[in-house]
Every structure is written in structure tokens, then in C-alpha cells.
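Trainee: Sequence:
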Amino acid sequence: MSNFMQGLMTALEPMNIMWVIIGGFLGTIVGMLPGLGPATAVAVLIPITFGMEPVSAIILMAAIYYGAMYGGSRSSILINTPGDGSAIAATFDGYPMAQKGQAGEAMAISAVASFIGGIMAVFGFIFLAEPLATFALKFGPAEYFLLMLLTLSAIVCLSVGKMTKGFIAMCLGLMLSTVGIDTQTGVYRFTFGSSHLSEGVDFLIVIIGVYAIGEVLYNYLSIDKERKEKKKVGKIWFTKEQWKRSFWPIIRGGPLGFIIGVLPGAGGTIASLISYSTEKQISKRPEEFGKGAVEGLAAPESANNSASVGAMIPLLTMGIPGSGTTAVMLGALVMLGLKPGPLLFENDPNTVWTLINSMFVGNIVLIIINILLVGLLVKILDTPAKVLYPIIVILAFIGTYTLSYSAIDFFLLLLFGIFGLFMKVLDFPIAPLVLALIVGGDMEQNFRKAVLSSDGSLSIFFATPISISLTVLTIISLFYPLLIKALNKRKIDTKPPIDGSM
Numbered sequence: 012m013s014n015f016m017q018g019l020m021t022a023l024e025p026m027n028i029m030w031v032i033i034g035g036f037l038g039t040i041v042g043m044l045p046g047l048g049p050a051t052a053v054a055v056l057i058p059i060t061f062g063m064e065p066v067s068a069i070i071l072m073a074a075i076y077y078g079a080m081y082g083g084s085r086s087s088i089l090i091n092t093p094g095d096g097s098a099i100a101a102t103f104d105g106y107p108m109a110q111k112g113q114a115g116e117a118m119a120i121s122a123v124a125s126f127i128g129g130i131m132a133v134f135g136f137i138f139l140a141e142p143l144a145t146f147a148l149k150f151g152p153a154e155y156f157l158l159m160l161l162t163l164s165a166i167v168c169l170s171v172g173k174m175t176k177g178f179i180a181m182c183l184g185l186m187l188s189t190v191g192i193d194t195q196t197g198v199y200r201f202t203f204g205s206s207h208l209s210e211g212v213d214f215l216i217v218i219i220g221v222y223a224i225g226e227v228l229y230n231y232l233s234i235d236k237e238r239k240e241k242k243k244v245g246k247i248w249f250t251k252e253q254w255k256r257s258f259w260p261i262i263r264g265g266p267l268g269f270i271i272g273v274l275p276g277a278g279g280t281i282a283s284l285i286s287y288s289t290e291k292q293i294s295k296r297p298e299e300f301g302k303g304a305v306e307g308l309a310a311p312e313s314a315n316n317s318a319s320v321g322a323m324i325p326l327l328t329m330g331i332p333g334s335g336t337t338a339v340m341l342g343a344l345v346m347l348g349l350k351p352g353p354l355l356f357e358n359d360p361n362t363v364w365t366l367i368n369s370m371f372v373g374n375i376v377l378i379i380i381n382i383l384l385v386g387l388l389v390k391i392l393d394t395p396a397k398v399l400y401p402i403i404v405i406l407a408f409i410g411t412y413t414l415s416y417s418a419i420d421f422f423l424l425l426l427f428g429i430f431g432l433f434m435k436v437l438d439f440p441i442a443p444l445v446l447a448l449i450v451g452g453d454m455e456q457n458f459r460k461a462v463l464s465s466d467g468s469l470s471i472f473f474a475t476p477i478s479i480s481l482t483v484l485t486i487i488s489l490f491y492p493l494l495i496k497a498l499n500k501r502k503i504d505t506k507p508p509i510d511g512s513m
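What the sequence shown shows, in my numbering, is residues 12 to 513, in sequence order.
There's no promise every hint is true.
Said to hold, decoys possible - 30 angstroms max Cα-Cα, derived DSSO-like pairs, lysine-lysine:
hint, residue 1, residue 2
1, Lys111, Lys295
2, Lys255, Lys390
3, Lys149, Lys302
4, Lys390, Lys251
5, Lys435, Lys176
6, Lys173, Lys251
7, Lys302, Lys397
8, Lys173, Lys111
9, Lys350, Lys111
Said to hold, decoys possible - Beta-carbon label-pair distances, calculated as ranges:
hint, residue 1, residue 2, range
10, Phe146, Asp466, 20 to 30 angstroms
11, Pro65, Phe146, 27 to 37 angstroms
12, Glu357, Val198, 40 to 50 angstroms
13, Phe422, Glu24, 43 to 53 angstroms
14, Tyr416, Phe490, 45 to 55 angstroms
Worth flagging that the hints you see were computed from the coordinates, not collected in a lab. C-beta atoms are modelled at their ideal positions from N, C-alpha and C, and glycine is treated no differently.
All chains, please: the whole structure from these sequences, using the hints.
Mentor: Below is the structure:
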């Protein structure tokens with residue numbers, strides 16, 4: 012308790028509060044910009060941290076990280092363009108809410124869900140850091156493969172009514188993930204002689220292309236018809252009914268996102284999508300998901316923010332980055348003289364407990380910032396389409412160029428923009444494509460490692476309680492929607508006529 016109080020006092024020092032505010036604000040702004048995720052923001056600011064105290068530096072980087080989790084959903088809700096992979100789920104119901112004139116309510120519930128998820132995760136950090144870090148060590152290649160398979164099966168099952176199209180989109184994403192050098196054999200695959208493709212297709216280019224450019228192209232034909240009337244943006248706060256529908260999804264999403272965030276390599280994208288899938292499967296109104304269901308926005312927003320806190324556990328307790336951003340942070344911490352690992356809690360407890368307490372302060376600061384920004388940001392919806400769409404395209408190109416500073420990425424962006432247009436026209440779900448591309452590379456490598464370690468035997472995927480549990484969950488996620496649909500149909504068929512006649 013003495014370490015906790017000492018860390019609290021350090022976190023409440025004016026200078027450290029200032030770094031929390033700066034980091035949270037920068038993270039929110041960066042999270043809104045397509046392509047400029049938290050990893051980029053932290054990497055750019057590393058030189059600034061060299062002259063800082065190590066504890067202040069880690070506070071700043073952490074604030075940028077979970078601040079970007081708040082900000083990433085702003086552009087998802089307003090313009091259907093995720094700022095980062097973890098904000099994809101916010102487009103499913105957040106953007107439809109904005110189209111229905113509920114942008115203010117959507118961003119308010121998003122901010123509150125992120126706040127509650129973040130606070131729950133910080134408490135989880137305090138009480139469960141060491142047990143969860145030990146649990147994460149039990150995940151081998153087979154378990155990671157099955158976890159990613161579960162994620163893919165869950166997201167395909169969200170495409171109710173068009174599961175075949177969802178499966179095709181997923182397969183296309185897995186095919187795209189094979190582009191580049193095979194890390195195990197060194198063989199070039201599907202690079203067409205381009206050295207730029209040797210590292211594969213950056214999933215952020217695909218996200219920006221199919222969502223931002225695809226949305227602009229899709230709306231281009233109706234650009235002259237849009238916004239003849241000023242579109243309502245709704246209230247800046249949610250209703251009592253919206254809160255009632257969101258409360259339990261938020262409470263469920265927080266712990267789920269936190270646990271998934273602890274697993275190295277899982278991250279906020281998988282956490283938010285599994286949370287969304289779970290809520291849709293247990294909802295009494297699954298048909299509203301994808302059309303502006305508030306719980307479909309609240310659950311993944313709670314999950315992705317708690318996942319960012321969970322990702323700090325393997326970083327600090329084992330020195331293993333739990334996400335791309337924490338991988339950047341690991342390098343920065345080593346340069347600052349800190350050595351993340353089991354001994355950090357013993358050798359430098361003040362740094363750890365100061366960071367934990369700064370997360371409490373940071374989440375309070377961020378909900379204030381994001382609620383204050385709602386009124387300003389919803390005005391984006393009043394921007395004429397002929398002005399708004401070029402701005403979206405410019406931001407998309409800027410975000411793409413900053414990924415690797417290569418003009419080739421522009422051609423890829425346009426290619427995936429056209430591809431996204433065709434997916435929208437043909438009513439193909441985009442989420443399975445993007446998620447498969449994100450996890451496909453790691454999924455393939457973990458599968459091959461698992462098979463090699465078992466001398467070619469597939470029994471390794473059923474060798475541990477964790478792997479068996481993940482396999483069972485995958486099967487359930489595949490057949491649960493079909494089972495519910497069949498049961499509902501049976502109820503309708505067996506329901507007696509209203510007039511009571513046989």
C-alpha cells in the first residue's frame with residue numbers, strides 16, 4: 012500500500028499531470044487521423060523523452076497510447092474512417108448512428124464506454140498483473156493460432172444473412188496477408204518483382220483505402236443530392252434508454268478487452284471485434300446491429316481501451332510487447348535506462364505504481380477532453396459534401412504517405428479504394444477482409460511453428476485445456492447464429508394463429 016500511495020503522490024505532481032494532459036490530447040488528435048495510430052505518435056515523440064525523467068516519459072507515452080484509443084473512434088463515427096485498426100468496430104454502429112442524426116450521442120457513449128473500460132482495466136492491472144502475466148506465458152503457437160481462428164470465425168458470423176460473402180472476404184484478406192517475404196523460408200511471395208511489397212501490404216493502407224476512399228467513391232454519385240437540408244447531429248449526451256442498453260455491454264467489454272490485451276500480439280483490434288461479436292450473439296435485438304445499435308458501439312469501445320491497459324502488463328512484467336505500440340515503448344524504455352521484466356516491480360516500484368495511478372488521472376482527463384470536443388467535432392457533419400470528401404481524401408493520402416514515405420503506397424491506396432467501392436456495391440462485409448489481413452501473417456507463422464514443434468502432428472491443437480477451450484469456443488461461435496436462427500424460425504412456425512383456429 013505504501014508503494015501505491017507513493018506512486019499516487021508522484022502521479023499527482025503538477026508536471027506529471029501536465030504530461031498526462033498533453034499526452035492524452037495528442038493521442039486523441041492523432042487517433043482521429045487515418046493511418047497515424049498510437050505507435051506512430053509514440054515513435055515520433057521518442058526524441059522528446061530523452062531529456063525527461065524516465066517516469067514522466069513513460070507517463071507521456073502511455074497517455075498517448077490510451078488517448079489514441081479514445082480518438083480513433085471519432086473519425087469512425089463521423090466519416091466511417093477508422094483512425095487505427097482497433098477503431099474498426101466503431102464504424103459498424105457508430106457511423107449508422109451519425110447518419111441517423113445521433114452523432115453527439117454516439118461520441119458521448121463512446122467516450123463514457125472508453126472511460127469505464129479504461130478504469131476497469133486499471134483496477135485489473137493492480138490486482139491481476141502477475142497472475143495474468145503468468146497465464147499469458149502458457150500461450151504457445153498452437154494457442155495463439157486458435158485464438159486468431161476464434162476471432163476470424165466470430166467476425167465472419169457477424170455477417171448474418173451474408174455469411175458466404177463474409178467467408179469470401181475473409182479468404183481474400185488471408186490471401187493478401189501472404190504477400191511479402193516468408194519469414195521462415197525467405198521466399199518472395201506475390202511481390203511481382205516489387206521490393207516495396209517484400210514486407211507485405213500494410214493493413215493500414217487497406218483500412219484507409221476500403222473505408223475512407225471507398226466511402227468517398229460510393230457517395231460520389233449522390234454528392235449533388237446530399238446536404239440540401241442541414242443534417243441534425245443530435246444531442247451532445249446520450250438518453251437514459253441508450254445508457255440502459257449500453258451499461259451491461261460496457262461492463263462485459265471491459266474485462267474481455269483487458270484479458271485479450273494481456274496476450275502479446277492480440278491487441279485492441281481483436282479485443283473490440285470479439286466484444287462486438289459477443290454482444291451481437293447474446294443480444295435480444297441482433298437485427299439492429301450494423302444499423303445503429305448503441306450497444307454495438309459501447310461494447311467494443313470499452314474493450315479496445317481496456318486492451319490498451321492490458322497490453323502494458325506483458326510489457327512491464329515480462330518485457331514482452333503486447334502490441335505494436337508497446338513494442339515501440341519497449342525500445343524507448345530501454346533507451347531511458349528502464350529494464351521491463353519481473354524485477355521491475357522490485358527494483359523500481361515507484362515507476363510502476365506511478366504509471367498505474369497516472370492511468371486513473373489520464374482516463375479522467377480524457378473523458379473531459381472528449382466530451383468537450385463532441386460539440387466541436389459534430390460540426391464536421393455540417394460541412395458540405397463537396398468540401399468534406401476532398402478533405403477526407405487528403406487526410407487519407409497524408410496518413411498513407413507517413414507509413415513508409417513511398418509513392419507506391421498511393422497506388423495501393425487507390426487500388427483498395429476501388430476494391431472497397433465494389434465491396435460496398437456488391438454488399439460484401441469489409442471487416443472480415445481487414446481482420447484477416449491483420450492477423451493472417453501471425454496466424455500462418457504460429458500454425459507452422461506449432462506443427463513443426465509436434466513433428467507434423469495436429470494433436471498439438473488439442474493438447475492443453477486452453478487449446479481445447481478455444482477450439483470449443485470457435486465451434487460455438489460458428490454454429491450459434493445458425494442455431495438461434497433455426498430456433499426463432501421454429502418458434503414462428505409453432506406459434507398458434509391469432510384467431511385460435513387450427
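Trainee: Evaluate each hint against the coordinates.
Mentor: How the hints compare with the structure:
no., hint, verdict
1, Lys111 / Lys295, "holds (22 angstroms)"
2, Lys255 / Lys390, "holds (27 angstroms)"
3, Lys149 / Lys302, "violated (39 angstroms)"
4, Lys390 / Lys251, "holds (24 angstroms)"
5, Lys435 / Lys176, "holds (12 angstroms)"
6, Lys173 / Lys251, "violated (33 angstroms)"
7, Lys302 / Lys397, "holds (25 angstroms)"
8, Lys173 / Lys111, "holds (24 angstroms)"
9, Lys350 / Lys111, "violated (50 angstroms)"
10, Phe146 / Asp466: 20 to 30 angstroms, "holds (27 angstroms)"
11, Pro65 / Phe146: 27 to 37 angstroms, "holds (28 angstroms)"
12, Glu357 / Val198: 40 to 50 angstroms, "holds (45 angstroms)"
13, Phe422 / Glu24: 43 to 53 angstroms, "holds (50 angstroms)"
14, Tyr416 / Phe490: 45 to 55 angstroms, "holds (46 angstroms)"
Violated hints, in rising order: 3, 6 and 9; the structure is consistent with all others.
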